[in-house]
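Residue numbers (numbering that gives the first Met the number 0), protein chains in the order written: chain A, 0 to 288; chain B, 0 to 323.
A hint or two may mislead.
[Unchecked claim] In silico EDC-like links for lysine to aspartate or glutamate, alpha-carbon gap of 20 Å or less: (1) B:305 x B:294; (2) A:263 x A:212; (3) A:263 x B:294; (4) A:263 x B:224; (5) A:263 x A:220; (6) B:63 x B:119.
[As the list claims (entries may be wrong)] The calculated label-pair distances, taken between Cβ atoms and stated as ranges, are: (7) B:85 x A:116: 35 to 43 Å; (8) A:238 x B:17: 49 to 57 Å; (9) B:292 x A:81: 18 to 26 Å; (10) B:262 x A:85: 30 to 38 Å; (11) A:153 x B:17: 53 to 61 Å; (12) B:63 x A:0: 17 to 25 Å; (13) B:183 x A:78: 36 to 44 Å; (14) B:271 x A:160: 44 to 52 Å; (15) B:63 x A:116: 52 to 60 Å; (16) B:183 x A:119: 34 to 42 Å; (17) A:119 x B:265: 22 to 30 Å; (18) A:165 x B:262: 48 to 56 Å; (19) A:86 x B:305: 25 to 33 Å; (20) A:179 x B:119: 17 to 25 Å.
To be clear, the hints were calculated from the coordinates, so they are not data collected in a lab. Beta carbons: idealized from backbone N, C-alpha and C, even for Gly.
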Amino acid sequence: MLSLWLNVLASGVLLGLVYGLVALGLTIIFGVMRVVNFAHGEMVVFGVYIGYWAVRLWDVPIIAAAAIAAVAMFIFGYLLETLIVRRFVGRPHHYQFIVFIGLSLLFSGALLVAFGPDPRPAASQLAFHTVSLGLVTLDLARLQAAVASGLLITLLGAYLRFSSFGRSLRAAADNRLGGLIIGLNIPRVYAVAFGIGAACAGVAGALISPLFDAQPYLAVDFTLLAFVTVIVGGLGSFSGALLGGLVIGVAEAVAALMFTPSMKTALPYALLIIILIFRPRGFFGANES
Amino acid sequence: MFVILALVGALSNPYLVSLMTIVLLFTFLGQSWNLMLGIGGQLSIGHALFVGLGAYSVGVLDVKFGISPWIGLLLGMFVAGSVGAVLAWLSFRFEVRGIYFALLTIAAAEFARIMFSGWEFVGAMQGLFFPAPTNAMDMAMLRGDARFYYFVALALAALGIAGTELISRSYLGYVWRAMRDDEQAARALGVRTFRHKILVIAISAAAAAVGGGVLALVQGSIFPDSIMGMGLSVDVLVGPVVGGLGTTFGPLVGSLTVIPLNHAMSALGDSLRIPGLNNIAYGVVLILVVWFLPDGIWPAIVRLCKAIQVPWRVWLPQPRKAEE
């Protein structure tokens, strides 16, 4: 019994780290640009497909697939920001939201056109390999995804904290006008921030590609999951995203053990409703501008 | 305009009738959403919750107990209105607003969808089916052929448009627009914005439930994923956004533009075996409209008529500015 619980907790924590990475992408975009990326789940699914095809075509390890996803999605995010999102940054929130709903429809449509609606079983066999650590048995795919996510979150955190670009990014997030006055290249900062956000989603998608069947319809769930995670931690907060990811990962794992499957899927939403009502800025939330 | 639409219903072929029925129903649903964002200033992306509650109220009473849909519609209005009011009360009580409120509406809708898909009594995932349609018209049970439903939808759309116009010219309309434009200022003028926000959401939710109930009758079946899913919430908001937020005719113009486009694209997609074309069309239209015509098609038409001095512009209602 103890071993069962430990296993469930461990797999929850591991998946939670990946959720943390997804949420981090969302929170960076929101924190810096104050736009709510409602197409985030589609970006995760892009990552899942990149992971799927990289393994299928070239048989590369998942880590390499994740690196490809990072580069591809960074470029994608950068271009998306410069070409489209930029025009809506100063607009009222609901216009932005509608634009992003449009983008998410566009992307999910593109995925459907490109890959069809049928789920594709994971190309990588990684999920069947396990590692045993005393009482806990972990599957390799999850472990690898979690370690890579954890590492990335740490690196990204250090980069934003200590590098000169990280400083300008945080400055832009704190005070856009102030940043402009001291001569920051705000448009570039925004584009890079959006690129980083998209890259986080893409990497997370590639990392979990051995665990999920690639399918366009996953996107909505991932979008909402990312929002739940971010809201739990507080929109715009770095450590909040990580914490939120862990909370949601563990809560989902425990719920899977205790409730029926439909209750399990409902849990994140219930959590979101409760948290929104009682602690709308999350636990580490930045102030709304 | 309504004379034209009525003639369309009476004369045209079955496909056009059923397509226009959906257009008119979504005009009504869009109008309810429009009331909430365009006039009340509250963004809901979970309107499917209210639509679904209305549909299930009608469905459960009709299918399980054989009670007339008229009662079902009333029950739906009451249920959805109260759920909307409670949701609004909770969120505004705790200062949840803007995008946070929008997220709350999605979460509530998704939560309800999952609950209904697991609830055996209402058919769970297998859905609820109304008795097979007979062609005999039955006003008490709201049952009839496609043309009958067309006129029901037409009546609803007309009611929705007239209702919105009435509301927006009344005291409430002025109060709500003031609240939308600047809540602080409205409060300073003595408007109890808290109550008014709850009121506008409850009314919008109740209207959406009526639309949902009729939609369920038209479709003849209720499935949780299609009546309460994100997809429906998006369908509801596309019309008014494209047509013109906060305008009286926006939802009609928008639905007339978008729904035939959507149907054409999915038909095209089906025949080419490429699913997803309709999603792409929706996405592109939404982005382009917000980009180039941020206040929608209808105000643009009105501006155009003014610019070229069309003599009959006299009776074109003036669009009210939707944003700041």
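>> I'd like to know which numbered hints this structure contradicts. Please list them from smallest to largest.
In response: 3, 12, 15, 16 and 20
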